[in-house]
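Protein chains in written order, with our numbering: chain A, 1 to 160; chain B, 1001 to 1152.
The hints are simulated quantities; they were obtained by calculation from the structure and are not laboratory data. Keep in mind that the hints are not guaranteed to be accurate.
To be verified - Within a straight-line C-alpha distance of at most 27 Å, the following computed DSS-like cross-link-like pairs (lysine-lysine) qualify:
no. : chain 1 : residue 1 : chain 2 : residue 2
1   : A       : Lys-74    : A       : Lys-25
2   : B       : Lys-1075  : A       : Lys-43
3   : A       : Lys-111   : B       : Lys-1145
Stated by the list, open to error - Derived Cβ-Cβ restraints for the label pairs, each shown as a range:
no. : chain 1 : residue 1 : chain 2 : residue 2 : range
4   : B       : Ser-1147  : A       : Lys-74    : 17 to 25 Å
5   : A       : Lys-25    : B       : Glu-1143  : 16 to 24 Å
6   : A       : Asp-4     : B       : Gln-1119  : 23 to 31 Å
7   : B       : Glu-1087  : A       : Glu-136   : 42 to 50 Å
8   : B       : Ala-1128  : A       : Lys-43    : 23 to 31 Å
9   : B       : Gln-1024  : A       : Asp-4     : 17 to 25 Å
10  : B       : Gln-1119  : A       : Leu-117   : 20 to 28 Å
11  : B       : Gly-1030  : A       : Arg-122   : 27 to 35 Å
12  : B       : Arg-1103  : A       : Asp-7     : 22 to 30 Å
What the hints assert, rightly or not - If we take Cβ atoms under 8 Å as the criterion, some of the chain A residues that face chain B in the derived model are:
no. : residue
13  : Glu-47
14  : Gly-53
15  : Glu-85
Given the structure is predicted, the values throughout are model-derived calculations rather than measurements. Glycine included, C-beta positions come from ideal geometry on N, C-alpha and C.
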Amino acid sequence: MTADLDDTDRAILRALIEDGSLSAKALGAAVGLSQPAAWRRMKRLEEAGVITGRHAVLDAETLGFGVTVFLGVKLGTKGRVSLVEFERAVIAIPEVQVVQHVLGVYDYRLKVVARDLGDFERILRRRIMTLPGVGEIESNVLLSKEPLTPAALLGGAPRS
Amino acid sequence: MQTDPTDRHILRLLQADASKPMAQIAAATGTSPGACWRRVERLTAAGVIRGHRISIDMRALGFDVQVFLRITLDKTAANAFDTFIAEAQRIPNVQSIETLLGRVDIRMDVVARDLAHYQEVYTTRILALPHIADVEALMLVSELKNSEALAI
């Protein structure tokens, strides 16, 4: 399912990763295309499943969300039923932003964004520790996130 | 700033999908398009809406392997964090670096085209990073949810 991208597509993706609010006109100017051509390329990247969405970025601090915690979760009783039940229930928790099924010392990786530590404790105790099948949980609190340019991977050359 | 329930409803819709036309957001939140637009303007001016981002499927770009590394650093070395992070930032396959408080010090998301490519990145670039005391890897099997949406 790998999309076939050329250098212009990659330039478009780099520009959009840097600034997702770029209009087709601004995007075209950035990569040397006309507005309709930039728009068509953007649509094609959406249809190919490369661009999966466009979202408003909200300021967590202004809205009162100050704590991010990464959780490693091991399931206690393994079995198909508990897996499905656990997944369905964990996805529904609004403070849980990320749910990833992983291989390694944990079964699932979660990212929780809460208002403060008290709020996190409430979510952990009432929502997460009560999930069906949940076993051992490890919490790591986010201190800082390094500014990175994920677009560096999309250099002109297809090899990274 | 103070937000009312209508503001928060608009914010919830925009963080889920900002490509919807304003008229649709207005209809869904029971506001007129003009009033909805003014609210969005006000929320943007107040810095509540910081901008827009696109989400990308790394697999569609040919990066089939995603590994989350949990790294413990040798804290006896002076400036272990700073030197480690500065070096790690140069690896293009590293998609995020986060400093944590807990059992591990750093977590990094690493993407690669396939397992052989990951192996190459891991041995030649990651393990060459300074001050690593221990590395644990979690390999992504499936992603069930990944949003940056706040629970407003």
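Hints breached by this structure: Numbers 1, 2, 5, 7, 8, 9, 10, 12, 13 and 15 - these are the hints that the structure violates, sorted from lowest upward.
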